[in-house]
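Asker: Chain by chain, the residues run as shown.
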Amino acid sequence: MMKKRHEMEVIAVDTIAKETIEMTLYQPEISQQTVPGQFLHLLVPGFTLRRPISIAKVNSEEGTVTILFKVVGGGTKALAAYQPGMTVDALGPNGNGFQVDDVQEGERILLVGGGIGVPPIYHLAKRLSEKNVELVAVLGFQSKDYVFYEEAFQKIAETYVVTNDGSYGHQGFVTHVFSEVGAFDQYFSCGPLPMLRAVTTELKDAAGKVSLEERMGCGVGACMACVLPTVDNSYKKICSDGPVFSAQEVIL
Amino acid sequence: MMKKRHEMEVIAVDTIAKETIEMTLYQPEISQQTVPGQFLHLLVPGFTLRRPISIAKVNSEEGTVTILFKVVGGGTKALAAYQPGMTVDALGPNGNGFQVDDVQEGERILLVGGGIGVPPIYHLAKRLSEKNVELVAVLGFQSKDYVFYEEAFQKIAETYVVTNDGSYGHQGFVTHVFSEVGAFDQYFSCGPLPMLRAVTTELKDAAGKVSLEERMGCGVGACMACVLPTVDNSYKKICSDGPVFSAQEVIL
Amino acid sequence: MNLEVKLPGLTLKNPIMPASGCFGFGKEYSEFYDLSRLGAVIMKAATQFERFGNPTPRVAETSSGMLNAIGLQNPGVERIIANEVPRLAAYDTSIIANVAGSSLEEYVFVASAFNQTKDVHALELNISCPNVKEGGIQFGTDPEMAKRVTSAVKEASNLPVYVKLSPNVTNIVEMAKAVEEAGADGLSMINTLTGMKLHLPTGKPLIANQTGGLSGPAIKPIAIRMIYEVRQQVSIPIIGMGGISTAEDVLEFLQAGADAVAVGTANFQNPFACVDIIDALPETLMNYQYTSVQDVIDRRGVQV
Amino acid sequence: MNLEVKLPGLTLKNPIMPASGCFGFGKEYSEFYDLSRLGAVIMKAATQFERFGNPTPRVAETSSGMLNAIGLQNPGVERIIANEVPRLAAYDTSIIANVAGSSLEEYVFVASAFNQTKDVHALELNISCPNVKEGGIQFGTDPEMAKRVTSAVKEASNLPVYVKLSPNVTNIVEMAKAVEEAGADGLSMINTLTGMKLHLPTGKPLIANQTGGLSGPAIKPIAIRMIYEVRQQVSIPIIGMGGISTAEDVLEFLQAGADAVAVGTANFQNPFACVDIIDALPETLMNYQYTSVQDVIDRRGVQV
Ligand SMILES: Cc1cc2nc3c(=O)[nH]c(=O)nc-3n(C[C@H](O)[C@H](O)[C@H](O)COP(=O)(O)OP(=O)(O)OC[C@H]3O[C@@H](n4cnc5c(N)ncnc54)[C@H](O)[C@@H]3O)c2cc1C
Ligand SMILES: Cc1cc2nc3c(=O)[nH]c(=O)nc-3n(C[C@H](O)[C@H](O)[C@H](O)COP(=O)(O)OP(=O)(O)OC[C@H]3O[C@@H](n4cnc5c(N)ncnc54)[C@H](O)[C@@H]3O)c2cc1C
Ligand SMILES: Cc1cc2nc3c(=O)[nH]c(=O)nc-3n(C[C@H](O)[C@H](O)[C@H](O)COP(=O)(O)O)c2cc1C
Ligand SMILES: Cc1cc2nc3c(=O)[nH]c(=O)nc-3n(C[C@H](O)[C@H](O)[C@H](O)COP(=O)(O)O)c2cc1C
Ligand code: FES
Ligand code: FES
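Heads up: the sequence lines are chains A, B, C and D, in that order.
For the first sequence, position 106 matches number 568 in the numbering used here, and the numbering has no gaps at all.
For the second sequence, position 75 matches number 537 in the numbering used here, and the numbering has no gaps at all.
For the third sequence, position 216 matches number 1060 in the numbering used here, and the numbering has no gaps at all.
For the fourth sequence, position 295 matches number 1139 in the numbering used here, and the numbering has no gaps at all.
Don't read these hints as lab results, they were simulated from the structure.
All values reported here derive from a predicted model rather than from experimental measurement.
Do not rely on the hints blindly, as some may be mistaken.
What the hints assert, rightly or not - Distance condition first, Cα-Cα at most 35 Å in a straight line; then the derived DSBU-like pairs of lysine-lysine:
| # | chain 1 | residue 1 | chain 2 | residue 2 |
| --- | --- | --- | --- | --- |
| 1 | A | Lys-698 | A | Lys-480 |
| 2 | A | Lys-466 | C | Lys-1021 |
| 3 | A | Lys-539 | C | Lys-871 |
| 4 | B | Lys-465 | D | Lys-850 |
Unchecked claim - Short derived list, chain D residues pointing at chain C, Cβ under 7 Å:
| # | residue |
| --- | --- |
| 5 | Asn-846 |
| 6 | Pro-899 |
| 7 | Thr-906 |
| 8 | Ile-1141 |
Heads up, the beta-carbon is just placed ideally off N, CA and C, and yes, glycines get one too.
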């Protein structure tokens, strides 16, 4: 089946934390096909390039897809001003998400999300919670105002919240609470590059998967904007080979 | 008093003829100050240059200003999609309109409007109808589908409608009915350049005023984009000296 | 409506092709539509050896445009011929190979490599890629160098050669004339304009390579001007590009002097850009009283 | 916050001035705000005699930009000094005169004419106007010609001379070095890029002059690149321009290497563009941890 451009109808737009927007979109096909970690590639009128935004939740019964984004520049600012009833032009679900086939029953899984990397980790947590596994989540935010989804996580995982400035939960970086989380079988992480570097270094002997970001041109694998060197002296494209990679495979 | 940028609220948007939009905007100051023939300089997001659109009616009691425009390109297309409640960023009223101080009681005035040149002529007609003068209006349109404001004119003027293809009213150009309109003291005209050339040539011995168009940069007289040669070997700026000029003064 | 155009080595069912570097080797966009609909496909640049390209970030957005400094990442000409060309050859479309290099010898090597395959129909000689530091850029800005590389490639190749010009020059007509004299079968213009964007928090260039090539609608007026100027003085055909995203844009390029066009950056915004333009072209031409693509070409001010 | 910058001949209360040709002689915009708020005003080009300029249409819109071919319409230098300068001098701001010409003699004539008045603080030597056919353009694209006219004007004038460079060249650094050697006190860059737009119904150029100068946000990446390149190799101050419409844009120009900036096309979209930028500048600089305009200049990679 050929890939499509989707016109997704905006169902709801909410500010759920400082500079953080949750947007629910109607698109049954995408709501049914998505693997956690995949992203939508959104066209914002007036901007040359599409914006990649991870899928944070799907509701395949209602046919909806939820995204969360932080207002950082012109594109996300424009998107934040959308009203229910308007439509967003999207490609997706793009990329390869978190593969959970090798997660065995009874495993203890560490989930590490930082800032706007939390939403795809939530999507993954929901998916994993359908399996008989034990989930531990470490969620890092800049400060108290930026915290979101804590309760949602608490329902399905043992949850640690960390803020850089200590204004909420533990103080410091996500890695600072790794000593408290106990043993685990594999980990999954998404967040800013410095965080991922710290996480993969700290957990270098553990099996893990990380979701990465890079500035994109096409978002579909054609333009070579988003390449990442791999340990075998080759490269991968974040938009189409990733954004999720084995922590052992890539060079951060 | 310093000039301003106005945020005008859209009150109503209607398609009143083929590709022809009537838009009513709320802005009391402008509704009170405007002279017929003056224009608004409208910012359409996504476009570099503002769009000059003549004022077609004002209602100083309700504080509204009405414009009429034809959808010809991207800017007018975007403007046509505006909904009541949205605001339009406008400069204005810009330019010098039709001076009617020298119109004497009892005079017979010929008004000639072509296509999208009809609206400012309507504004003028309304203003003149407050004086004790006799009005004759000749209105030219491409074809029947494009005709608008005929009834409104009939209330205040002896009105002739002409269509290029004869699908409504008289067939041909506005100048074709000049033989029928009888004697007059002065004329006022607005419309496409070929029409104005024909009108001023046909009526070269009559006192008249014409409203002109040119592609604009600033719209306020600073950039020299919109100059027009004058008979005294000098020039005028359409945006600030005009758009209305004495037919004898300018070279078309 | 007849959209066909005939150019040296190429009979195109329509004048629309994706621009080099903006379409990979077609694989990704073949998941969106049937590539047989395209007039031709211009492949990503080929160099002698595999290249990994520049560090990231490689792209940045600008007003109505973007900057890129990919750095000619490609698997090398041999693997392109072995793996990419056969897959593309399965479609009913023409294939143009984009030839890059950092030395005269590399250009000649890559160009002659394409003699091996019957499935490539023309070469686009990329003397203008602004993102290669080793010398590629001089070929595109010095008429004598441009002449030399054009002659050498013409001699080495048995395919028609379209030389892709850089807009980063004082005198584009001089460049066009130089490569025409050297035997170019056609021109391809324009490549990107060298630009830069800074990352405000650091005050440093946002793209790792510092400068990047500016493409997209922002550069269209420059492309139109250059094509128009060259068309007055040069008679070989021109593949026009630079900011095309609608059928109206295509008409403007044809009127200015192009004989076919390539669509680059627009593919990123709309993966269906090329086919959407092909679909809209007949009505657009009709609206402006043209009866075919060839009619536009025939009726422009200066005849080719 | 301290927004002051000191340049040869100019002590600017802030680094923002309207660009030449986009602000007339200030009269029209003085109806929107008090011109004393501006760092300086750069006047519309002055030539020896009155010029009526090109036929209309003189402007066309493009994606994130516009084309203009005004053709240096102005009342001539004597009337500018008699009528325009005194009116502007009533404001508490610096005045920069833009000097144009079609011959070396005309440049010298116009430049020396400004010696008559005490109210003009610097000259911007416009060797780059793409819309004058008689030869103005060569001065801006040939380093030797640029040197000659710069030396001649420096000799004739007792004001600091900022030479305004054209971006329509292969090598902007070479041009900048040439005029620096010839004694320029500063640079002003960039002028417009030569572009064209066609009128689809006729297939002919929309602007009567055929080509026009491209300005606006579309060209900002090219301006930033050129200023950055020049700043690495040339030490005289730079007045930067090309697509500025926000305080962030100003910061980017300062980081790239400009010491002050001019705002052109943005005035047309927003008549308050210059003062809106001045108002926003302190907060913008603060957001990026700068303490003053001079702090941005001092902290950029390469010191002037
Ligand atoms: C695979 C992937 C998934 C992402 N998921 C999310 C998400 O779920 N929520 C969220 O808030 N953000 C997410 N991001 C980051 C998001 O794409 C950027 O924040 C957004 O594009 C910024 O756009 P802007 O116009 O607001 O900012 P601007 O800085 O004005 O954008 C300018 C350009 O830079 C690009 N850009 C800027 N920051 C980034 C970035 N961090 N990564 C990639 N491109 C960038 C933009 O796409 C645009 O092309 C994701 C990025 C990637 C690559
Ligand atoms: C003083 C004056 C009053 C006007 N009043 C009206 C009016 O009341 N109703 C109406 O429908 N139109 C009027 N026009 C014409 C109107 O400005 C244009 O139709 C409109 O700007 C087209 O914009 P666009 O984006 O749809 O078209 P595009 O063709 O996409 O516009 C591209 C550029 O060309 C300019 N342009 C295109 N056509 C014209 C034109 N005829 N005159 C000036 N600039 C043009 C646009 O402003 C824009 O800068 C008036 C023009 C002037 C000068
Ligand atoms: C991401 C990207 C990669 C490019 N790679 C190449 C290339 O490998 N070879 C080449 O000749 N041109 C390359 N170009 C230039 C385009 O082929 C085209 O000339 C230019 O982008 C202008 O067209 P556009 O505005 O439609 O994109 C590239 C452009 C982009 C945006
Ligand atoms: C309508 C118009 C007229 C201009 N006239 C002149 C001029 O007389 N002299 C000059 O040196 N530059 C002139 N310029 C160039 C501007 O000063 C400026 O260098 C250029 O527009 C880039 O800045 P911007 O993108 O902010 O407009 C003109 C530009 C425009 C748009
Ligand atoms: S963004 Fe184009 S290959 Fe990934
Ligand atoms: S539009 Fe600028 S002077 Fe009239």
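Asker: Assess, step by step, whether the Cα of A/Lys-466 is no farther than 35 Å from the Cα of C/Lys-1021, and give holds or violated.
Answerer: With Cα atoms ~44 Å apart, A/Lys-466 and C/Lys-1021 exceed 35 Å; violated.
Asker: Interface hint check: D/Pro-899, Cβ to nearest Cβ on chain C, cutoff 7 Å. Holds or violated?
Answerer: 18 Å, violated
Asker: Going by Cβ atoms only, is D/Asn-846 closer than 7 Å to chain C?
Answerer: 19 Å, violated
Asker: Taking only the CA atoms, is the gap from A/Lys-698 to A/Lys-480 under or equal to 35 Å?
Answerer: 34 Å, holds
Asker: Hold the hint about D/Thr-906 up to the distance rule: shortest CB distance to chain C must be less than 7 Å.
Answerer: Nearest chain C Cβ about 5 Å off; hint holds.
Asker: Hint validation: D/Ile-1141 versus chain C, beta carbon distance must be below 7 Å. Holds or violated?
Answerer: 11 Å, violated
Asker: For B/Lys-465 and D/Lys-850, compute the direct alpha-carbon distance and say whether it is at most 35 Å.
Answerer: 32 Å, holds
Asker: Next pair to validate is A/Lys-539 with C/Lys-871; report whether the Cα-Cα distance is within 35 Å.
Answerer: Holds: A/Lys-539 and C/Lys-871 sit about 34 Å apart, inside 35 Å.
In this structure, the hints that do not hold are numbers 2, 5, 6 and 8, in rising order.
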